[in-house]
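A.B. asks: Sequence:
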Amino acid sequence: MNPFEQFSDRDQQETRAGFGDGVYEVASQNDQVVVLTADLGGSLKLGKFIKAFPHRFFQCGVAEANMMGIAAGLATAGKIPYTTTFANFSTGRVYDQIRQSIAYSHKNVKICASHAGLTLGEDGATHQMLEDLGLMRMLPGMTVISPCDYNQTKAATIAIAAHQGPCYLRFGRPKWPNFTPADQRFEIGKAQVLVSGTDLTLLATGHMVWQAILAGRQLHDSGVSVELINIHTLKPLDEATILASVRKTGCVVTAEEHQKYGGLGERIAALLAQQHPAPLRMVAVNDTFGESGKPAELLKKYGLHSSDIVQAAGEVLAAASRKAPVS
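Under our numbering, the residues of the sequence shown are numbered 1341 to 1667, in order.
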């Protein structure tokens, strides 16, 4: 049996809806949780939270920099603030405020960013944030999380409330296959081995985990044993799980809905260079902005389709076979 067939796309839900349901649930359990938004409560699926906890909701308007400052102040007072807006406005527009008011003083603020990556779709290049993981990962003390589906986004939203320190949580706009367990326990910094294999390590994050599953099906049918690992936490990175896999397989493909520069692939390249050199190929956006279009069409055009992962796998497997044995 093809082990990748266990994952189904029959249930499709928005990852941003997972955030909305998760923040409502964690707020029901913890009265210190508060939510701020920059005029995007509807887009971030905050309806249930706002109705249940109106006194813990802060509408900041189109003033994202102020929102970050208010969140830092609330954290100083012992609250657990979740800021909400699109990924472009959650990072690029307010980087100075995050760096100075949140990261530098290690404030307990949860920066929650929707509409990330090419799968934002029709809103086009100005809103398709493809640099955010790199921006956030470089900030000292910032935890960076990119879950793969509705269930995992909900679980991550709940988990970060118990984590002390600043977090960046990235999720998306469209309906997407929901294939991880509804009752999962989300462990920050612990990679998720979805399928075990011996020939190739496939590391994916966010929406690209589903593309990696599709690629894994095809590769398995062609005789390649793929180990698929969901890197839902980019920082802190689960180096032990990754290195154990690469020592077994001898080669790696990474897949991310982000620029090649500064993302998951470069982080894995640095890890391998320091700990266990091995052939690597990166499936990512190659130094370009996006454009308006349907999510599936954009993934195809910009080289983030399952077929691109299969091609990268062929290249890295060929490189591994040419590699001289280590004496």
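By construction, these hints were calculated from the structure, which means they are not laboratory data.
Heads up, the beta-carbon is just placed ideally off N, CA and C, and yes, glycines get one too.
Be aware that a few hints might be false.
Derived lysine to aspartate or glutamate pairs resembling EDC-like cross-links, with alpha carbons at most 16 Å apart [claimed, not checked]:
1) Lys1600 / Asp1648
2) Lys1641 / Glu1655
3) Lys1391 / Asp1371
DEER-style ranges, computed between Cβ atoms [unchecked claim]:
4) Gly1387 / Glu1345: 52 to 62 Å
5) Ser1445 / Glu1655: 41 to 51 Å
6) Gly1432 / Glu1637: 43 to 53 Å
7) Gln1651 / Val1402: 19 to 29 Å
8) Ser1368 / Gln1614: 42 to 52 Å
9) Ser1565 / Asp1379: 42 to 52 Å
10) Gln1614 / Asp1379: 55 to 65 Å
11) Pro1576 / Ser1348: 24 to 34 Å
12) Ser1562 / Tyr1444: 42 to 52 Å
13) Glu1655 / Glu1345: 40 to 50 Å
14) Thr1416 / Glu1637: 30 to 40 Å
15) Ser1647 / Lys1515: 40 to 50 Å
A.B. asks: All hints are to be evaluated individually against the structure, with a verdict given for each.
C.D. replies: Outcome of the hint check:
1. Our distance criterion of 16 Å between C-alpha atoms is met by Lys1600 and Asp1648, whose separation comes to about 14 Å.
2. A C-alpha spacing of about 20 Å is found between Lys1641 and Glu1655, which places the hinted pair above 16 Å, so the restraint is violated.
3. In summary, the hint linking Lys1391 to Asp1371 is supported, as the alpha carbons are separated by about 15 Å, within the 16 Å threshold.
4. Separation of Gly1387 from Glu1345 is about 36 Å and departs from the stated range, judged on CB atoms against 52 to 62 Å.
5. Evaluation of the 41 to 51 Å hint for Ser1445 and Glu1655 yields a pass: the beta carbon distance comes to about 45 Å.
6. Taking the beta carbon of each, Gly1432 and Glu1637 are about 24 Å apart, not inside 43 to 53 Å as hinted.
7. The hinted range of 19 to 29 Å is not satisfied by Gln1651 and Val1402, whose Cβ atoms lie roughly 42 Å apart.
8. As the Cβ distance of Ser1368 to Gln1614 is approximately 43 Å, the hint placing it in 42 to 52 Å holds.
9. For the pair Ser1565 and Asp1379, the beta carbons lie near 49 Å from each other, so the given range of 42 to 52 Å is met.
10. At about 44 Å, the CB distance of Gln1614 to Asp1379 disagrees with the hint of 55 to 65 Å.
11. At about 31 Å, the beta-carbon gap between Pro1576 and Ser1348 stays in the expected band of 24 to 34 Å.
12. Between Ser1562 and Tyr1444 the Cβ separation comes to about 50 Å, which falls inside the hinted range of 42 to 52 Å.
13. Taken as a hint, the range 40 to 50 Å is violated for the pair Glu1655 and Glu1345, whose Cβ atoms sit roughly 25 Å apart.
14. At roughly 45 Å, the beta carbons of Thr1416 and Glu1637 sit outside the given window of 30 to 40 Å.
15. The supplied range of 40 to 50 Å is broken by Ser1647 and Lys1515, whose beta-carbon atoms lie about 22 Å from each other.
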